[in-house]
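Line by line, the protein sequences give chains A and B. FYI, full-length UniProt numbering numbers position 293 of the first sequence as 293, with every residue one higher than the one before it. FYI, full-length UniProt numbering numbers position 98 of the second sequence as 98, with every residue one higher than the one before it.
None of these hints come from the bench; they were simulated from the model. Being a predicted model, the structure only gives us computed values, none of them experimental. Possibly wrong hints are sitting among the right ones.
Footprint (simulated), chain B over chain A, 3 or more residues, beta carbon under 8 Å [as the list claims (entries may be wrong)]:
#1 132 to 138
#2 176 to 189
Residues of chain B placed beyond 10 Å of chain A at every Cβ, according to the derived structure [unchecked claim]:
#3 Ser-49
#4 Arg-54
#5 Ala-57
#6 Ser-66
#7 Ala-95
#8 Ala-96
#9 Gln-136
#10 Ala-156
#11 Arg-171
#12 Glu-191
#13 Glu-199
#14 Gly-201
#15 Gly-205
#16 Leu-212
Glycine included, every Cβ here is placed at the ideal spot set by N, Cα and C.
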Amino acid sequence: MQFGVFSVSDITRDPVSGTTPSEAERIDAIVKIAVKAEEVGLDVFAIGEHHNPPFFSSSPTTLLAHIAALTERLIVTTATTLITTNDPVRLAEEYAMLQHLSKGRMDLMLGRGNTAPVYPWFGQDIRQGLPLALENYNLLHRLWREDVVDWEGEFRTPLQGFTSTPRPLDDTPPFVWHGSIRTPEIAEQAAFYGNGFFANHIFWPSSHSKRLIDFYRRRFEHYGHGTQAQAVVGLGGQAYIAKRSQDAVKEFRPYFDEAPVYGNGPSMEEFTKGTPLTVGSPQEVIDKTLTFQETFGDYQRQLFLLDHAGMPLGMVLDQLELLGGEVVPVLRKELAARRDPGAAEAPTHASLVAAKYGDAPARQPRPNANRGDNVTGGSPYQDGDAQAEYPSLG
Amino acid sequence: MNAEAAQPYRLVVVSGGTSDPSSTRMLADRIADRVASLAEARDEKVAVSVIDLRELANEIATALVSQLMGPKMTRAIELLGAADAIVASAPVYKAAPSGLFSSFFHVLDNDLLIAKPVVLAATAGTARHALVVDEQMRSLFAYLRTMTVPTSVFAATEDWNSRELGERIDRAAVELLLLVESGFAEKVRTESWKSYQHEYGSAGGTELDIDLSTDLMRLATGGSAAPRRKP
């Protein structure tokens with residue numbers, strides 16, 4: 001079971017001090033938050049992707065590579081990477097590079113985002129959002145698994161004899177999570193490929209997220225990747241923690257009340273009652289998080305949203321201390337005790353390499369010499385026998 | 001009637017009235033009572049539930065600006081989802097059904113009320129608002145694809161003691177009861193539910209069918225959405 005934090009990358013005015021951090025300050029802060037996450041014993045740091053103010057995370061792999069260089073154990077990932085407006089060829093390249101630099105301490109979560117105007121900025125049409133997401137992943141999947149790809153789809157130019165470089169680390173593709181709130185096609189795609197499925201689990205009651213997760217588990221089994229208990233499930237969640245419950249309520253309320261998305265809407269009390277949010281003592285966060293396991297069954301990754309709504313860096317770092325120091329150790333113990341021995345472990349690069357190669361050494365692709373034409377053609381790697389299929393006149 | 005008629009018809013009253021007593025609620029109650037007594041005369045039973053939107057005001061506002069449905073909204077949605085017939089009654093403010101009334105129906109899933117028989121009613125301080133039911137409320141309920149009865153019930157201050165209001169209430173009640181008896185809503189839902197647009201988890205969280213044979217599902221599983229043209 002992995003625990004971590006996920007950030008939207010919002011740059012929001014602190015409603016208590018009245019100041020808005022600069023982009024430079026917030027970017028520095030997010031690096032400190034990620035490093036702190038490892039320091040307090042968390043496993044995962046995830047960043048969102050946005051291409052408009054007031055967000056900073058337009059270039060997640062650059063940020064994550066930097067964080068990976070500053071840490072030793074932390075898995076860096078996304079929440080989410082836009083599989084709609086990014087060219088899957090660029091995603092294949094950038095995330096494979098991140099995988100090499102982080103020595104496999106990464107994965108990624110694919111999503112469609114929540115910003116309608118982003119589509120035309122990248123030449124896409126929001127009405128095609130879902131087919132784009134599905135087709136783009138089909139291509140990304142192949143680019144990481146086949147040295148030479150011939151491909152033709154509806155949304156981007158065809159590829160002929162294309163090799164995405166670098167090849168994944170140890171020729172083992174990064175683990176992929178598909179994030180979705182209410183789209184069965186995304187859950188089906190995750191199940192078809194045996195990938196992970198992540199429910200954002202912030203705005204709705206757990207019962208809402210459970211429907212698609214249960215569907216994903218059934219389909220995962222249907223496609224022969226393992227039992228329903230072996231499906232790979234991740235959940236979001238949200239907490240504000242203080243030693244004393246009443247302090248948590250007092251400290252968090254101004255941030256809740258003016259939070260982007262749900263601020264100025266439901267009361268904090270309504271929201272904590274109706275959604276996975278906890279505002280309270282470490283024990284209260286533990287109790288609520290344990291109900292997730294009761295609702296969804298054993299799962300592999302729990303991410304908390306801690307750093308949004310203008311909370312100043314010091315406050316976020318205190319939250320991390322409490323989460324890593326008092327909440328997660330108890331959750332690890334409790335969840336391990338309850339865990340079905342048949343449930344899947346959280347996927348890591350090491351586990352994927354072991355699954356692919358057993359005790360044998362991993363493949364290390366070495367390219368053939370440059371032929372001078374900058375076209376990889378049939379067989380770009382010394383150990384490969386892949387052949388491109390070029391159209392012929394005949 | 002057949003054996004199933006032993007089960008009472010579930011009539012849900014939605015009232016946008018805000019005072020107590022409210023004339024909007026009273027109008028709705030008169031219609032509901034009339035439906036019940038007509039039914040009784042035909043050896044049928046009607047169980048009436050009431051949703052007073054005044055009590056849901058906070059939750060309706062919350063639902064409009066966030067995606068959170070509070071417990072009272074959730075209960076109201078359950079009642080409407082199971083309803084055999086609806087009486088929807090709104091006060092007219094500024095020449096329109098009240099914002100509270102309209103907002104309540106705006107946050108419901110598009111497919112929650114498909115084919116359900118509905119009596120539309122409104123109250124106002126002047127007869128000049130008489131067309132609000134036909135020109136504004138009817139279009140909202142058409143969007144929701146309800147089966148609104150032909151007679152609209154409108155009551156301005158001067159109508160309350162008039163015999164004609166009683167007659168209109170009677171007419172609307174008969175129309176509602178006949179539509180309920182015909183089983184139209186149930187038949188549409190049994191025979192044609194899939195032909196309406198749904199989202200996963202819509203119809204108040206009851207629409208959970210997943211069609212695995214669609215183009216998109218083919219695309220999700222590595223195939224192609226559109227049949228490829230032969231070169």
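Taking the hints in turn, this is what the structure says about them:
no.	hint	result
1	132 to 138	holds (count 3)
2	176 to 189	holds (count 7)
3	Ser-49	holds (23 Å)
4	Arg-54	holds (18 Å)
5	Ala-57	holds (13 Å)
6	Ser-66	violated (4 Å)
7	Ala-95	holds (29 Å)
8	Ala-96	holds (24 Å)
9	Gln-136	holds (27 Å)
10	Ala-156	holds (36 Å)
11	Arg-171	holds (42 Å)
12	Glu-191	holds (24 Å)
13	Glu-199	violated (7 Å)
14	Gly-201	violated (6 Å)
15	Gly-205	violated (8 Å)
16	Leu-212	violated (7 Å)
When the structure is compared with the earlier hints, violations turn up for hints 6, 13, 14, 15, 16 and for no others.
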